[in-house]
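> So for the sequence shown, this note's numbering puts the first residue at 1; every next one is plus one.
A couple of the hints might just be wrong.
[Stated by the list, open to error] Straight line, CA to CA, 25 Å or less: simulated SDA-like cross-link-like pairs of lysine to any residue: (1) Lys481 x Arg331; (2) Lys481 x Leu612; (3) Lys481 x Thr665; (4) Lys481 x Leu363; (5) Lys481 x Gly240.
If you are wondering where the hints come from, they were derived from the structure by calculation, not from laboratory data. A quick note: this is a predicted structure, and the numbers were derived from the prediction, not measured.
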Amino acid sequence: MTELLLIVIVVVGILILRSYNQRLQRLESRVSELQNALAGHVLSVDSSESAAAAESVEEVIEASETAAQPLTEAAAETTSDMEEAAFSDGGTPEQQEDMVAAALQQKDESLESTIGARWAVWVGGIALALGGIFLVKYSIESGLLSPAVRLVLAAIFGLVLIAAGEVIRRRSEPMLANTFQNAMIPGVLTAAGVVALFGSTYAAHGIYGFIGPAAAFVLLGLISLATLGLSLLHGQALAGLGLLASMITPVLIASTAPRPWTLFGYLVFTWLATIAASRLRRWHTVPSFANALLSIWPLLYIFNSDVVDLTPVTLAMLAMIAGTIFIWPGRYGAAATIEKDIDSVKTEGLSVAPPASHWAAFLARAPLGMTLTASIGSAAVALAFLVYSLLYGYPLPDASLLFAVIVATLAALGASRVYAAWAAILSAIAAGFGMFIALMQPEIGAELNIAQIVPALSHLVVYDGLGLGAIFVIVGFFFLKRFGESEKPFAALWSAIMVATPLTIAVISYVTFGNWMRDWLHGLYGIVLAAVLMALAELQHRRSPEANGALPTNILAAGSFAALVFALHTLTHDAIPTMLLPVLGMAFMLAGRARSWPALPWTMVAALLITLGRIAWQPTIVDPDELGTTPILNMLLAGYGIPAALAVWAAFELRHSQDLRLRNTLQALASFLVLLTIAILVRHAMNGGVLNANVPTLGEQSIYTLLAIGASATLMALDLSASSLVFRYGGMALGVLSVILILSLHLLGLNPFMTGESTGRIPFFNLLLLGYLLPAIAYGGLALYARGRRPRPYVMMLAVAGAVMAFAWATLSVRRFWQGEYIPFWNDFIQGEVYSYSAVWLLIGIALLWLGARFNARSLRIASAALVFVAVVKVFLIDMANLEGFLRALSFIGLGAVLIGIGLFYQKVLTGRNATE
Numbered sequence: 001m002t003e004l005l006l007i008v009i010v011v012v013g014i015l016i017l018r019s020y021n022q023r024l025q026r027l028e029s030r031v032s033e034l035q036n037a038l039a040g041h042v043l044s045v046d047s048s049e050s051a052a053a054a055e056s057v058e059e060v061i062e063a064s065e066t067a068a069q070p071l072t073e074a075a076a077e078t079t080s081d082m083e084e085a086a087f088s089d090g091g092t093p094e095q096q097e098d099m100v101a102a103a104l105q106q107k108d109e110s111l112e113s114t115i116g117a118r119w120a121v122w123v124g125g126i127a128l129a130l131g132g133i134f135l136v137k138y139s140i141e142s143g144l145l146s147p148a149v150r151l152v153l154a155a156i157f158g159l160v161l162i163a164a165g166e167v168i169r170r171r172s173e174p175m176l177a178n179t180f181q182n183a184m185i186p187g188v189l190t191a192a193g194v195v196a197l198f199g200s201t202y203a204a205h206g207i208y209g210f211i212g213p214a215a216a217f218v219l220l221g222l223i224s225l226a227t228l229g230l231s232l233l234h235g236q237a238l239a240g241l242g243l244l245a246s247m248i249t250p251v252l253i254a255s256t257a258p259r260p261w262t263l264f265g266y267l268v269f270t271w272l273a274t275i276a277a278s279r280l281r282r283w284h285t286v287p288s289f290a291n292a293l294l295s296i297w298p299l300l301y302i303f304n305s306d307v308v309d310l311t312p313v314t315l316a317m318l319a320m321i322a323g324t325i326f327i328w329p330g331r332y333g334a335a336a337t338i339e340k341d342i343d344s345v346k347t348e349g350l351s352v353a354p355p356a357s358h359w360a361a362f363l364a365r366a367p368l369g370m371t372l373t374a375s376i377g378s379a380a381v382a383l384a385f386l387v388y389s390l391l392y393g394y395p396l397p398d399a400s401l402l403f404a405v406i407v408a409t410l411a412a413l414g415a416s417r418v419y420a421a422w423a424a425i426l427s428a429i430a431a432g433f434g435m436f437i438a439l440m441q442p443e444i445g446a447e448l449n450i451a452q453i454v455p456a457l458s459h460l461v462v463y464d465g466l467g468l469g470a471i472f473v474i475v476g477f478f479f480l481k482r483f484g485e486s487e488k489p490f491a492a493l494w495s496a497i498m499v500a501t502p503l504t505i506a507v508i509s510y511v512t513f514g515n516w517m518r519d520w521l522h523g524l525y526g527i528v529l530a531a532v533l534m535a536l537a538e539l540q541h542r543r544s545p546e547a548n549g550a551l552p553t554n555i556l557a558a559g560s561f562a563a564l565v566f567a568l569h570t571l572t573h574d575a576i577p578t579m580l581l582p583v584l585g586m587a588f589m590l591a592g593r594a595r596s597w598p599a600l601p602w603t604m605v606a607a608l609l610i611t612l613g614r615i616a617w618q619p620t621i622v623d624p625d626e627l628g629t630t631p632i633l634n635m636l637l638a639g640y641g642i643p644a645a646l647a648v649w650a651a652f653e654l655r656h657s658q659d660l661r662l663r664n665t666l667q668a669l670a671s672f673l674v675l676l677t678i679a680i681l682v683r684h685a686m687n688g689g690v691l692n693a694n695v696p697t698l699g700e701q702s703i704y705t706l707l708a709i710g711a712s713a714t715l716m717a718l719d720l721s722a723s724s725l726v727f728r729y730g731g732m733a734l735g736v737l738s739v740i741l742i743l744s745l746h747l748l749g750l751n752p753f754m755t756g757e758s759t760g761r762i763p764f765f766n767l768l769l770l771g772y773l774l775p776a777i778a779y780g781g782l783a784l785y786a787r788g789r790r791p792r793p794y795v796m797m798l799a800v801a802g803a804v805m806a807f808a809w810a811t812l813s814v815r816r817f818w819q820g821e822y823i824p825f826w827n828d829f830i831q832g833e834v835y836s837y838s839a840v841w842l843l844i845g846i847a848l849l850w851l852g853a854r855f856n857a858r859s860l861r862i863a864s865a866a867l868v869f870v871a872v873v874k875v876f877l878i879d880m881a882n883l884e885g886f887l888r889a890l891s892f893i894g895l896g897a898v899l900i901g902i903g904l905f906y907q908k909v910l911t912g913r914n915a916t917e
């Protein structure tokens with residue numbers, strides 16, 4: 001039965017092999033067609049004439065000069081060309097490999113091919129490895145062989161597998177290997193042999209002790225490097241295996257680990273070998289894997305060693321960055337991207353923007369994996385230097401210097417290659433965050449309770465930080481010089497980095513170690529930085545003068561302003577920065593006459609906003625003890641007045657600007673600063689020369705209300721002369737705000753009837769005049785001025801507000817006439833006072849009725865009716881109960897006469913209207 005089963009298996013195997021041979025013949029024909037298509041010799045071959053097609057292919061190949069080359073070299077060149085084309089088209093390394101694989105195999109793959117050609121190879125390789133393991137295990141358990149013999153047999157087994165892989169590779173068709181490149185039989189056999197050699201060598205050292213650590217280290221390294229060499233023949237997967245074996249070799253002999261210089265020298269040598277192999281075969285995955293492994297080793301070394309030497313670690317990171325710049329991918333990425341853009345324009349004649357014009361395109365440029373791993377790894381290692389210094393007391397000046405060297409080199413990678421945008425971004429982030437750690441170590445150490453082991457900071461740390469910021473400007477300049485015209489989004493990114501990175505470091509340094517009275521080091525640094533950035537902006541403008549709105553130019557110009565603002569704060573203090581900031585903004589704005597860069601006028605807006613921030617931080621402009629009590633003529637006039645005057649000037653200068661947002665913003669800031677200046681001077685004058693947060697008196701609040709009403713009228717006049725949304729809606733907003741103030745403060749919160757505040761000794765010219773009558777007149781004038789120019793509900797609101805304030809003034813004046821200087825509600829009412837209210841309210845109602853008819857103001861007539869109604873209710877409910885004798889009768893007689901008179905007035909008005917109609 002067993003023999004029959006074997007015969008059946010053999011027969012089935014022969015049939016399957018025959019089927020494979022037929023499929024391979026068809027595949028050879030298709031691959032030949034693909035070769036000629038890639039070479040420019042496209043052959044139209046019918047499927048029924050496969051033999052003739054094969055002869056035509058041979059003739060074409062013989063006619064070309066590639067006939068003398070082995071078929072393996074032709075296949076390798078074809079694959080390399082296709083990979084290069086895929087790389088130049090962009091995309092991730094995985095996408096590029098998929099493109100090559102798809103071009104070399106059929107679109108659809110049957111289940112038979114998947115199981116027979118791929119899974120069989122994978123399972124077979126695993127079976128070989130397990131077979132070797134089980135064989136060794138069996139020999140150990142049975143005691144058949146000594147350890148030395150077992151190790152020798154395992155090594156021989158590995159060499160046999162490697163030799164078998166090489167024999168099969170040479171005898172196999174090259175295109176077959178490319179077709180099934182993720183299941184190559186030679187590569188799987190070679191990988192299994194490498195695992196056997198690696199395991200036997202480590203067992204000889206780590207388990208049995210037959211060889212010493214030095215010999216084991218050398219043998220394992222040689223096996224790993226040999227694996228990398230074989231990967232050139234067997235593919236990227238074997239290269240990854242060899243790389244992993246190389247990188248874990250030092251771990252396997254950790255009991256006697258090599259010295260730091262030896263360790264990182266070995267790691268760098270292995271990394272360079274991997275990169276060189278990757279360049280030859282255009283690999284992306286393996287070098288990304290190599291970057292990650294080379295970056296992990298320094299972190300393990302730094303935080304797991306008793307004594308740390310950061311110099312070899314630094315050199316290892318520099319070697320990784322330099323290899324990325326010059327070895328692989330080197331210039332290839334930039335050349336491929338530029339050539340693709342040029343070819344697409346020349347050959348296709350398409351007037352479309354290159355892919356780099358999109359903001360996100362340059363962030364995803366291939367090889368993205370290599371760029372990210374190198375950038376993240378080196379930045380993480382550099383930051384680890386400073387963290388180690390903080391936690392374990394490593395000399396901070398040394399750590400900060402080595403940190404700056406790595407970050408500066410990473411920035412050079414970002415500036416030298418157009419595919420390395422992430423290197424630029426991560427280097428800038430690492431620079432800012434790292435120098436924050438370095439310069440803030442005393443505070444951080446105190447919070448973590450490790451201040452006693454933090455070394456004394458040296459001025460060298462400050463120099464390291466400022467120098468690192470300057471390096472970013474230098475490398476950014478070289479990027480703009482080389483790629484400023486062709487890489488606009490990337491150039492804008494570098495312009496922002498050139499501004500943000502040195503300024504961030506300088507601000508941290510100044511806040512931590514600067515002299516807050518006058519710091520010449522940081523001040524001169526800011527001035528020089530401002531001059532350099534403005535010079536670079538001018539250089540960018542001269543290269544493309546027609547592009548005044550170019551983003552890099554405007555970013556650099558705005559950065560120059562920011563640097564001067566920083567210098568101003570480091571060289572001056574107290575009121576001087578507050579007064580000079582608008583002057584600086586005005587200078588940049590006026591420079592816009594020579595250079596029409598959009599950023600220049602906006603610097604005035606930035607200056608005013610920073611000035612407002614300083615005012616909010618210190619409203620007294622100077623120390624409160626130095627302010628003085630003299631009204632008007634004090635530092636408040638200069639601290640608030642100069643920015644307000646310059647804001648008005650700027651708004652006037654740009655009143656015809658095409659930028660509506662800029663024009664409206666400046667007008668709003670100018671209006672606000674003028675009102676703020678007047679209000680703060682009033683506050684200072686009416687509080688005895690002291691600025692505090694106390695609730696204002698009614699007199700002070702009345703001045704604020706009158707200011708709001710006057711400002712509303714002023715803004716309305718400005719809008720009528722030069723139409724502006726800010727003036728229009730700002731004026732109406734101030735009118736609404738003033739009405740809210742009278743409702744909440746004048747009538748309720750600060751009313752002398754509620755608070756008992758003195759109204760003054762003079763009968764008419766007193767607090768009631770300022771708090772009620774003058775606002776009533778102002779509201780009436782504003783309503784009259786706004787009539788026909790503003791929405792009707794707004795005008796009615798102003799008119800009613802004026803009427804209410806006039807009513808309040810008259811009512812409170814009656815009480816003051818009868819009560820005297822103090823009119824609180826807890827004083828009893830007098831009969832004459834009660835009658836006077838009725839008479840005054842009726843007179844006011846008549847006056848409002850006349851004004852409403854005179855100006856045809858329906859709102860005033862409605863207010864008159866409401867007031868008369870209140871008087872009627874008062875007479876019947878209050879006067880009848882509280883008045884006696886003659887006053888009671890007089891009250892009703894007067895009410896009746898007024899009501900009859902109002903009726904006759906309306907009859908006359910209505911009769912006149914009917915007659916007219």
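> Against each hint, give a clear statement of whether it holds in the structure.
Here's how the hints hold up against the structure:
Annotation: proposed proximity of Lys481 to Arg331 holds, straight-line Cα distance about 17 Å (limit 25 Å). For a cut-off of 25 Å, the pair hint linking Lys481 to Leu612 is broken: about 38 Å separates their Cα positions. Under the criterion of a C-alpha separation no larger than 25 Å, the hint pairing Lys481 with Thr665 is inconsistent with the structure, at around 35 Å. Annotation: proposed proximity of Lys481 to Leu363 holds, straight-line Cα distance about 20 Å (limit 25 Å).
For the hint pairing Lys481 with Gly240, the CA-to-CA distance comes to about 39 Å; that exceeds 25 Å, so the pair is violated.
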